[in-house]
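*Asks:* Chain residues, written in single-letter form:
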Amino acid sequence: MLWRTLQALFWGLGVLGGLGAVFWWVEAARGWLGPVIVGLGVVYAVNVVVMPGWRYRVHRWETTDDAVYALEGWLTKKWQIVPLSRIQSIDTESGPLQQMLGIATVKVTTASSEGKISIEGLDAGVARETVDRLREVTAATPGDAT
Amino acid sequence: MSGDDGWRRLSVRVVYMDLIRAAFSCAVGYLGAVAFNDDGPVWALVAGSLAGFLGALLDLVRWMTTRYRVSAAAVEMRSGWAAKRHRTVARDRIRTVDSSAKLVPRLFRLRVMHIGSGEQASSFTLNALDSGHAARLRRELLPSAWDEAAAGEVLEDGADPAVEGDNREAGASHAAAGENPEAGASHAATGGEREAGAGHAADGEGRTAGAGGEPREIGARAAGGRGEGGGRGVGREVIARLRWGWVPLNAVSVWGPVVVVGPVFALYWFLRPFGVDLLGVGRELSGWDSRSLVWNLVLCAVILYPFGVVGSAVSFVVENWGFELAREGDALVTRRGLLTTRTLQRDDRRMRGLAFREPLVWRWLRLAETSVVTTGLRQTVDAPSGAILPRLRLSEAREIAGRLLPDGRRPLEAELVPHPLGALRRRLGWAISGPVVASVVLLFFDGWFWPLALVPVTLVLAVVAYRSLGHALDGPYLVVRRGALSRNTVALQHGAVIGWTLRQSLLQRWGGRMTVGIATAAGERHYQAPDMGVEQALVFISGATPELAARFIEGGGGAAPGRHPALRVCTRSDVRAST
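In order, the protein sequences belong to chains A and B.
Be aware that the first sequence starts at 1, since it is given in UniProt numbering, and climbs by one per residue.
Be aware that the second sequence starts at 1, since it is given in UniProt numbering, and climbs by one per residue.
These are calculated hints, taken from the structure and not from any lab test.
Be aware that a few hints might be false.
Unchecked claim - Straight-line C-alpha distance at most 30 Å; calculated DSBU-like pairs for lysine-lysine:
hint, chain 1, residue 1, chain 2, residue 2
1, A, 78, B, 84
2, B, 84, A, 107
3, A, 116, A, 77
4, A, 78, A, 116
5, A, 77, A, 107
6, A, 77, B, 84
7, B, 84, B, 102
8, A, 107, A, 78
9, A, 116, B, 84
Stated by the list, open to error - Here are some chain B residues pointing at chain A (derived, C-beta under 7 Å):
hint, residue
10, 498
11, 512
12, 515
Nothing here was measured: the structure is a model prediction, and the numbers come from that model.
Using N, Cα and C, we set each Cβ at its ideal position, and we do this for glycine too.
Given the sequences, and given the hints that come with them, work out the whole structure.
*Replies:* Here is the structure:
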């Protein structure tokens, strides 16, 4: 459970950093955006405190022998279903912070921009296992050439 | 160069190239900082050299970290140092293997390989391999294409190396089309369509494609002319021909005056060197200065409108002269054009459905534009969104559309199920909140009441938008309709669905609604049915893809009466993954 907190911190740092940068520039430029900044600050604070945990609790995924199924989001939930026979490519990505935390993102791409699933924040080992399994099953499932 | 487990690196020549680039950048930087340092360094040169040096360094890092592997089942690529990336594509998904080279890499005999699998962008880009390894990779991936590819390679190497720019070899990708006709043709098809658009006879294109496989396998190919296209006349049945009654339907448009503005300005600039001030003459004739701006604009529109209508009528006739839509064997063929004859062939096997487009004004006039939903055709200027018929009366369009699909069904006329009333409330909410927010923002300025004055319009639009929402299942087709300003009805074969995306915002969750996204490889590649009832949505999905849905939806498909269908909960969450 350690990386969950760290991921929250990652989100928090990113957002606060962005906000700080905005604040710095805006203060130098114009004063009348003050209330907007305060409002944004509150929104971001809620975002930092509530969002990571919420997203984490919602996020679920599953691979079966013929499909990938994932649920993500917090205010807006998103379910995605993609049959394995339609998968074009499988990606594993991990940025610097994700590498530090030993997690990775698995992305499954199809011929449609909408049919792209990304499963974020998986344990690197689990991600590797999943990709290996997906690769085997995908190679065994004939594509139907859409 | 092969490492452990068959992992291979990019060509070592990339390193030499980068070292030379870095050295060159340093030399330029030296010139900028020291040699030309009469009154301060030349900053442009220094910055350029720094950018070049950094680029070369990054390229070196890329060379060091990139590995690729071709195994029996898949092609894989690993890259990245800070942000790692590992990509896998199954071998039988690969459709095209192209290579390209720019001027400097060509001198090093380097090729950039693009491996495509029918995604919108190419799946892999290996930048760069030396030509020997490039040929080997192509041989491995597309064994049957090797002969043509080799021929292309020889040709290319013999060509003048000073040719600049992206010089893609078409040979390999066309050969790929031959080996895997179903989808490889996507490349050939777009090529064919481009040829058709340019009005070429497409002789060479036809021959290259023919070398890889039987010409009939290529989806939309530019037939060299009427002779070739009509020559195979197997079971030819003309579905529609140009009628003169269509001309006024397509000529009248809100944008009529705009059509004229371009030519008028062109004429103005053309006459100016001869001392004729066309706009000045027009200003005097119309007495521009004696009226206010609004009246002048109205006057302009009134004067220009007839010209605009005539202009669009003429261009419509020129483009659609001799328009003919016919079914030849198992393909739909359209021919049209006065100055250049455009022939477009659409194979039934690539056809996935039909669509109607009805912008608001046309809908009141009962007009619709028909298009076909196909895979493998890129959206081009010549055939925007697969439009197959010009603007027609709805009844006529329906009659023709009923004869377009190979199975003779008429899914676009299916009775649509309306979406729940919550969808109407949501749209009304947007219609009121949008202008209110706009006026609050405008409180700081003048004219805060203008957005509020728009509320009646937006309310009407909201109702229109709600009334156009609808969905249905009709035999092997699913039908969805949406849109306020432009109402679009799409009928799509169940088999063309390559995934579902269900979205539910907080308000939709309370209201029991969800937005269903349909991913497909055909047409716009993505269609949406906003604000369906949750139960409606799940029944819809179960009806369209029963096997897939059975795993994710409980109590769907009418198997268990009395039970409400619901999305099953995924089994894996990150809790298990991390402990």
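*Asks:* The structure should be examined with respect to each hint, and the outcome stated for every one.
*Replies:* Each hint tested on the structure:
{"no.": "1", "hint": "78/A / 84/B", "verdict": "holds (26 Å)"}
{"no.": "2", "hint": "84/B / 107/A", "verdict": "holds (13 Å)"}
{"no.": "3", "hint": "116/A / 77/A", "verdict": "holds (15 Å)"}
{"no.": "4", "hint": "78/A / 116/A", "verdict": "holds (12 Å)"}
{"no.": "5", "hint": "77/A / 107/A", "verdict": "holds (18 Å)"}
{"no.": "6", "hint": "77/A / 84/B", "verdict": "holds (28 Å)"}
{"no.": "7", "hint": "84/B / 102/B", "verdict": "holds (27 Å)"}
{"no.": "8", "hint": "107/A / 78/A", "verdict": "holds (15 Å)"}
{"no.": "9", "hint": "116/A / 84/B", "verdict": "holds (19 Å)"}
{"no.": "10", "hint": "498", "verdict": "holds (4 Å)"}
{"no.": "11", "hint": "512", "verdict": "violated (13 Å)"}
{"no.": "12", "hint": "515", "verdict": "violated (9 Å)"}
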